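Asker: Sequence:
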Amino acid sequence: MTSFLSWQEVGRWYAALEREHRVLTLELRAKAAELVRGKTTDIGKVEALYDYVSMNLRYVSLSFGIGRYQPHSATEVLANKYGDCKDKAVLLNGLLEAVGLHGYPVLINSTRKIDPDVPSPAQFNHVINLVPLRDAMLWLDTTTEVAPFRVLLPSLRKKMALVISQDGNASLEQTPEHLPFPAVQTLDVEGQVDALGKLDAHVVFETRSDAELELRAGFRRSTPQQWTEMIKAIAEQRGNYGRAAVSDFKVSDPANTKEPFRAEGRLSLSGYLNRSKKQSQLDLPAIGLEPPDIGGEGSSDDATLQFGPPIEKVQRLKLTVPELVALRAPIPVHIERDYADYSSTYRVDGHTLTAEWRLLMRKSEILGARRHDYAAFRRAVLADQAQKILVENSVVSAVEPPAEASAEELHDQGLETFKNHNYPAAVEFFEKAVAKDPKHRYAWNNLGRAYLVLGKLDKA
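Residue 129 in my numbering is what sits at position 128 of the sequence shown, and the numbering runs on without skipping anything.
Derived by calculation from the structure, the hints in this document are not laboratory data.
Be careful, since some hints might not be right.
Said to hold, decoys possible - Label-pair restraints from in silico Cβ distances: (1) T224 x K259: 18 to 28 Å; (2) V24 x T229: 46 to 56 Å; (3) S248 x E21: 51 to 61 Å; (4) R450 x E260: 14 to 24 Å; (5) S248 x K389: 23 to 33 Å; (6) H179 x L383: 20 to 30 Å.
Only a predicted model underlies this, so the values are computations on that prediction, with no experimental measurement involved.
In this text, a Cβ means the ideal position worked out from N, Cα and C, and glycines have one as well.
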């Protein structure tokens, strides 16, 4: 039920509530002038004001739609340094007005679509801003705190929302469907494998996409001491990489939304390369270019296949192995569709493998009738990423470990050789491990196991 007969009535009602709370005070004018100092374009001024309200005023959810609809005054919100969605929206509109620009409140629902035939404020649970400029319409949401300028959360995109001008004129408008910039995600891995088979890699991750919103928010809320644990948790989702040690980890400033989010660090993984077998296989490090999973092929062809926002994901790898190890590259793949492209390249030069994987999702959706074609595309991509690097060891016996190898590294390599039934080599590694650390937790026990398998009961 609603007492409003039209969306115009809803607009006039909310405009009256908001208008009296964005009165231009001396404090508001002074702050606005300070924030736009040196900005020579309208869009530059809007961005400066948005950045301030978004990042410097803490968002506190006060449940829009339950209780009062009326925001606090812009001056009060400025002084408090916090507010809910309607408070932050009224402050941004007030600051804009103070520098001769205009911003409109926009009522929207973040969880569902509204019914355009039922004019009621009860249909909305969120307020954002629309700033009309001569050559652009700027949709802004200051509540995310770390969203780049003009970025709306996925839940707010391609939604009907009520735009309310200062005089109360209101109309239902659709929010933008896509990000205001091309979405890109890159991962660069440069690693070396030592004589013991331990992988040491420098990893650089960079993204300008929806993923950066969650990453910025997560890292902004946590301390640098917690960052390594967060990366460790991500690594654990990558199978064997959950055993990797993380070090020298750092991220770009989560609040610097003008640049892509960047994280880098070192990963070390013992037993990555098996030196105890003549031939073996290596997993490709940290492949994560999986196309969206849209359900089984038996699903209805009537439903549109939703992929999410278009994005290009690129991963590059440079992997160097010891001289006595020969590598054989996987088979490259190239697949083109009108909705997506995928390609992989592999090259071995001496003892170094270089590879690149590229996935471009061009469309956010396709017709359900193309489900089988997309399923085939996805299978081909996953099959490529499941390929292994073929490895041939020239020397199969236990290798002379580097002098700096730790007891833990020696023990881990001993375990790998033990698992591959190369028990004499395992004994050599375990013996070296206990020589370096006589109090190692597991090395003595595993040395005894290796002796037992070899029938050396007196030593076991």
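Asker: Each hint should be assessed against the structure and marked as holding or not.
Answerer: Here is how each hint holds up against the structure:
1. T224 x K259: 18 to 28 Å: 24 Å, holds
2. V24 x T229: 46 to 56 Å: Once the Cβ atoms are compared, 49 Å apart, the range 46 to 56 Å for T229 and V24 holds.
3. S248 x E21: 51 to 61 Å: 56 Å, holds
4. R450 x E260: 14 to 24 Å: 52 Å, violated
5. S248 x K389: 23 to 33 Å: 27 Å, holds
6. H179 x L383: 20 to 30 Å: 26 Å, holds
Checked against the numbered hints given earlier, this structure breaks only hint 4.
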